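Could you build all of it, start to finish, from the sequences and the hints given here?
Residues per chain, in single letters:
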Amino acid sequence: MRTDPLFQPVASEVRSTRTVSLTFNDKTFSVPAGISVAAALLMSGVNRFRATPVSESPRAPYCMMGVCFECLVEIDGVPNRQSCLIDVADGMRIHSQEGARDLVYQPVNVLAVEVQS
Amino acid sequence: MNLETVDVVVIGAGAAGMSAAAELARLGLQVVLLDEQGSPGGQIYRGITLAPLSRRDMLGPDYAHGNQLAQALASSSVRYEKGAAVWQVTRDHQVSYLREGRLHTLQAKAVLLATGAMERPFPISGWTLPGVMSAGAAQILLKSAGLAPNEPVVLAGCGPLLYLLGWQYLRAGVPIKALVDTTRPEDYWRARRHLFAALRAWPYLRKGLELMRSLRSAGIAHYTGAEHLAVEGDEAATALTFTAAGKTQQVATRCVLLHQGVVPNIQFSQSLRARHEWDADQLCFSPVVDPWGELDVPGVYVAGDGAGIGGALAAAVQGQLAALGIASRLGSINTAQRDHQAEPLRAKLESNLRIRPFLDALYQPKEENRIPADDVMVCRCEEVTAGDLRGFVALGCAGPNQAKSFGRCGMGPCQGRLCGLTVTEVIAKARGVSASEVGYYRIRPPIKPITLGELAGE
Numbered sequence: 001m002r003t004d005p006l007f008q009p010v011a012s013e014v015r016s017t018r019t020v021s022l023t024f025n026d027k028t029f030s031v032p033a034g035i036s037v038a039a040a041l042l043m044s045g046v047n048r049f050r051a052t053p054v055s056e057s058p059r060a061p062y063c064m065m066g067v068c069f070e071c072l073v074e075i076d077g078v079p080n081r082q083s084c085l086i087d088v089a090d091g092m093r094i095h096s097q098e099g100a101r102d103l104v105y106q107p108v109n110v111l112a113v114e115v116q117s
Numbered sequence: 001m002n003l004e005t006v007d008v009v010v011i012g013a014g015a016a017g018m019s020a021a022a023e024l025a026r027l028g029l030q031v032v033l034l035d036e037q038g039s040p041g042g043q044i045y046r047g048i049t050l051a052p053l054s055r056r057d058m059l060g061p062d063y064a065h066g067n068q069l070a071q072a073l074a075s076s077s078v079r080y081e082k083g084a085a086v087w088q089v090t091r092d093h094q095v096s097y098l099r100e101g102r103l104h105t106l107q108a109k110a111v112l113l114a115t116g117a118m119e120r121p122f123p124i125s126g127w128t129l130p131g132v133m134s135a136g137a138a139q140i141l142l143k144s145a146g147l148a149p150n151e152p153v154v155l156a157g158c159g160p161l162l163y164l165l166g167w168q169y170l171r172a173g174v175p176i177k178a179l180v181d182t183t184r185p186e187d188y189w190r191a192r193r194h195l196f197a198a199l200r201a202w203p204y205l206r207k208g209l210e211l212m213r214s215l216r217s218a219g220i221a222h223y224t225g226a227e228h229l230a231v232e233g234d235e236a237a238t239a240l241t242f243t244a245a246g247k248t249q250q251v252a253t254r255c256v257l258l259h260q261g262v263v264p265n266i267q268f269s270q271s272l273r274a275r276h277e278w279d280a281d282q283l284c285f286s287p288v289v290d291p292w293g294e295l296d297v298p299g300v301y302v303a304g305d306g307a308g309i310g311g312a313l314a315a316a317v318q319g320q321l322a323a324l325g326i327a328s329r330l331g332s333i334n335t336a337q338r339d340h341q342a343e344p345l346r347a348k349l350e351s352n353l354r355i356r357p358f359l360d361a362l363y364q365p366k367e368e369n370r371i372p373a374d375d376v377m378v379c380r381c382e383e384v385t386a387g388d389l390r391g392f393v394a395l396g397c398a399g400p401n402q403a404k405s406f407g408r409c410g411m412g413p414c415q416g417r418l419c420g421l422t423v424t425e426v427i428a429k430a431r432g433v434s435a436s437e438v439g440y441y442r443i444r445p446p447i448k449p450i451t452l453g454e455l456a457g458e
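Taken in order, these protein sequences are the chains called Y and L. Per our numbering, the first sequence runs over residues 1 to 117. Per our numbering, the second sequence runs over residues 1 to 458.
Wrong hints could be hidden among the right ones.
Claimed, not checked - Think about it this way: if two alpha-carbon atoms lie no more than 35 Å apart in a straight line, the pair counts; the simulated DSBU-like pairs of lysine-lysine are: (1) L:K177 to L:K247; (2) L:K177 to Y:K27; (3) Y:K27 to L:K448; (4) L:K348 to L:K366; (5) L:K348 to L:K207; (6) L:K109 to L:K348; (7) L:K247 to L:K348; (8) Y:K27 to L:K82; (9) L:K109 to L:K207.
Stated by the list, open to error - Listed next, the stretches of chain L that the computed footprint assigns to chain Y, with coverage defined by at least 3 CB atoms under 8 Å from CB atoms of chain Y: (10) 139-149; (11) 207-213.
Said to hold, decoys possible - Partner residues are not named here, just some residues of chain Y that face chain L (Cβ under 7 Å, in silico): (12) V10; (13) G45; (14) V54.
In case anyone wonders, no lab produced these hints; they're calculated from the structure. Note that the structure is a prediction, hence the values are computed from the model and not measured. In this text, a Cβ means the ideal position worked out from N, Cα and C, and glycines have one as well.
Here it is in structure tokens:
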């Protein structure tokens with residue numbers, strides 16, 4: 001879900017010359033290199049990172065330092081990654097986590113049909 | 001298993017860890033410094049080696065100070081490993097960590113835990129909504145990525161970090177819609193007996209007063225003595241409501257930043273079964289340490305905020321003291337040399353800690369924001385409310401560990417990090433006993449999540 005970004009670079013911030021390109025739920029955007037995935041998503045208009053396994057209520061980062069685990073997303077096929085602790089990389093494919101994870105997770109290099117239950 | 005052996009493993013590259021590691025290296029020891037982040041600095045000096053000069057200037061001189069520690073680390077012989085998630089520390093000094101998807105284990109002669117502080121949970125109605133973050137989180141976005149809220153933000157709670165963030169936002173030209181301060185007149189009354197000590201820490205006190213004055217003169221709506229804080233919204237935050245001066249207020253905003261102090265991060269010291277005590281002034285559990293920071297687990301030390309909140313300057317000195325203690329334990333200096341070198345450090349530590357009792361008393365978090373009403377979410381991962389917990393207590397639940405089997409409280413991905421203190425205090429109040437009697441979660445490794453695949457890949 002993308003809306004108006006909740007965060008943006010402050011005025012004094014020098015525009016980064018190096019950017020990387022990544023996708024969130026199959027939408028592509030360009031972000032400065034060297035920042036965390038969570039920061040990148042927040043400045044790109046992603047205000048909701050996941051839905052909880054219990055009640056499927058919306059969540060987004062709370063602590064930005066690895067304590068709260070609210071920023072969990074799927075990165076390159078691996079679920080439950082703490083996006084506040086991982087730096088962006090070119091070509092990263094990020095997905096929001098909707099509800100509980102499947103017991104079998106799907107590595108990127110395995111065809112979807114092989115593991116779907 | 002053939003383990004790599006080293007003299008000392010330091011966990012955490014914040015103020016305490018950087019300072020301790022450099023000091024240990026100076027004392028001739030072979031040191032590995034493990035840190036979860038991609039660059040040194042911890043949270044207080046987050047991104048210090050990477051921040052452009054304009055950002056460093058905007059964040060202020062206290063932040064820039066961290067550069068000295070980072071430079072001392074860089075010019076030392078310390079083996080600094082970034083991006084290392086330590087998931088286990090054993091009582092016999094083995095440290096296991098995950099780095100770039102691979103597991104490593106080091107056998108050390110001594111271990112120093114420098115894992116610092118985390119923000120105290122701020123459980124109020126609506127605090128799980130997207131758009132609600134801790135003030136520390138927003139400050140990390142500012143330090144590490146130069147990001148600030150896109151529209152006028154509401155800062156709520158109390159404590160130095162909240163006001164510092166407000167000051168930094170002013171300098172960065174970020175509009176603040178309101179400062180909703182929970183500090184009440186009786187807090188000043190309670191803090192007054194520490195005023196004399198605080199006056200002896202005049203530079204620190206003056207900085208705080210200047211900070212508050214610049215916030216006031218900026219014309220930001222400033223509410224004091226705010227009570228009954230609640231965030232409104234359905235899918236995301238839309239407003240903060242509260243009562244101040246007898247009137248109910250509603251401030252519309254998409255971004256609410258909460259803060260009511262920091263508490264020691266005790267995951268490792270708890271997992272080691274070290275002795276902890278309830279600190280009645282700081283309202284948290286702290287590990288019991290000797291003057292060198294050693295736990296009741298021989299050869300395992302804690303330095304910095306992880307042993308009780310003292311701030312960044314105190315943490316750096318505690319790091320040096322722990323280094324002396326470790327060096328003496330490992331025989332690279334004798335106890336006379338240790339005590340001689342420690343003497344000026346102890347004086348410095350005392351002066352750095354002088355302001356603390358005043359701050360602890362003045363910004364003591366309110367009971368209603370620590371022990372919330374029934375409908376407020378306590379365990380955010382498993383969605384257990386304060387009312388659920390009180391229901392468990394009525395059924396005979398005596399403490400946090402039993403709350404797990406009553407309703408999965410504390411069993412989600414954060415492993416009880418964010419709800420632990422709240423759970424202890426809610427149960428203590430409901431049972432009418434002390435927090436110390438109720439105790440804390442029994443923390444077990446893995447301290448950080450690792451997959452079975454990563455474990456098997458060893």
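So, going through the hints one by one against the coordinates:
1. Restraint check for K177 of chain L and K247 of chain L: the C-alpha separation of about 18 Å stays at or below 35 Å, so the hint holds.
2. Restraint check for K177 of chain L and K27 of chain Y: the C-alpha separation of about 32 Å stays at or below 35 Å, so the hint holds.
3. The hinted pair formed by K27 of chain Y and K448 of chain L meets the criterion: a straight-line CA distance of about 30 Å does not exceed 35 Å.
4. Distance hint between K348 of chain L and K366 of chain L is fulfilled; the C-alpha atoms sit about 32 Å from each other, no more than 35 Å.
5. Restraint check for K348 of chain L and K207 of chain L: satisfied, since their Cα atoms lie roughly 19 Å apart, inside the 35 Å limit.
6. A distance of roughly 28 Å separates the Cα atoms of K109 of chain L and K348 of chain L; the hinted pair therefore holds under the 35 Å criterion.
7. Our distance criterion of 35 Å between C-alpha atoms is broken by K247 of chain L and K348 of chain L, whose separation comes to about 46 Å.
8. Using a Cα cut-off of 35 Å, the hinted pair K27 of chain Y and K82 of chain L holds, with the two alpha carbons roughly 31 Å apart.
9. Taking the CA atoms of K109 of chain L and K207 of chain L, the gap is near 41 Å; set against the 35 Å cutoff, the hint is violated.
10. Counting residues of the segment 139-149 of chain L whose beta carbon lies closer than 8 Å to any beta carbon of chain Y gives 9, which meets the minimum of three for the stated coverage.
11. Coverage of the segment 207-213 of chain L by chain Y is violated in this model, with 0 residues showing a Cβ closer than 8 Å to a Cβ of that chain against a need of three.
12. This hint holds: V10 of chain Y has a C-beta 4 Å from the nearest C-beta of chain L, less than the 7 Å allowed.
13. Taking 7 Å as the C-beta contact cut-off toward chain L, the hint placing G45 of chain Y at the interface is violated, the least distance being around 9 Å.
14. Interface restraint check for V54 of chain Y: the shortest CB-CB distance to chain L comes to about 4 Å, inside 7 Å, so the restraint holds.
This entry does not satisfy hints 7, 9, 11 and 13, going by the numbered hints stated previously.
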